[in-house]
Amino acid sequence: MSRAKSLILAALLAPVLWAADFSGQSAYDFTAKTVAFGPRPPGSPASRKLSAWLVTTLKSFGYQVIEDRFTAKTPRGPVPMVNIIAKKPGKPGARALAVSGHYDTKVFPFTFAGANDAGSSTGAVLELARCLKGTPTAKDIYFIFHDGEEAYGEWSASDSLYGSRNLSARWRKDGTLARLDALINLDMIGDKDLHIVEEEYSSEVLRRLLWDVAARKGYQRHFDGGRFAVEDDHVPYLRLGVRALNLIDFSFGPNHSWWHTPQDTMDKLSPQSFQIVGSVVAETILVLDRQ
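Count the sequence shown with numbering that gives the first Met the number 0 and you get residues 0 to 290, in order.
Hints are not guaranteed to be accurate.
[As the list claims (entries may be wrong)] List of simulated lysine to any residue pairs, SDA-like, C-alpha gap at most 25 angstroms:
1) Lys58 - Gly89
2) Lys132 - Lys216
3) Lys58 - Ala31
4) Lys172 - Lys216
Hint data in this document are derived by calculation from the structure and do not stem from the laboratory.
Required output: the full structure, derived from the provided sequences and hints.
Laid out in structure tokens, this is it:
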């Protein structure tokens, strides 16, 4: 990095004391509460209970909460789904930022806890909402809990990303998308052995910015998971012209062997991993808010 770029980044990162308020332990605890609802496929009793708890918790933080309800056409027929969105208002007429994850779990014939996929993103986004609630920001910030990220059969354009496809299309129609400067999506970020990938669909400008923040905090070795493409909830926003970044650890267990198995349980996760990812995302949000 050139000296000029270093000075600019340092100036942008100057007022970051509030970011230390992000608690990895709190994010881990929110994840444990999420997992305690049981398997959470869209439309299931557990999913309805979880979404109600998310709404109640976000309102207790003082947020306006929107429930984006829709019926998805899936290989298993129509399924009711709901995206949960909390809005932190900035200045009047402000532009906007978003942090997102998904709270559904994939349907399996076995009991699937889904602690990392995607309990971890639910817990992390909820903790980001908690730690940012009292911090003045120039821009609106949306905290999004997507439903229906998982496919019911083989992953395809029509069988996956139901919630993010619905919300991004809705926001394009109502004008919210035109105000959205950036979206950071989290998925599978709680693994004790944390290695975040450089996801290739993601906006390179956002990736460089967040990696610079991670390096400044001394977390480079946790952002070294290789470089490859992962379709996730950021993609529908990217396709509609929004800068978006996906943070995901795609090496969950030996040879990624715990992904989508009964082994995806809370004992595989670590508060420290939540602390690393959450504190980096919190500081990156502050940088983006100042741009």
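message: Going through the numbered hints above, which ones does this structure break? Give me the numbers in ascending order.
response: 4
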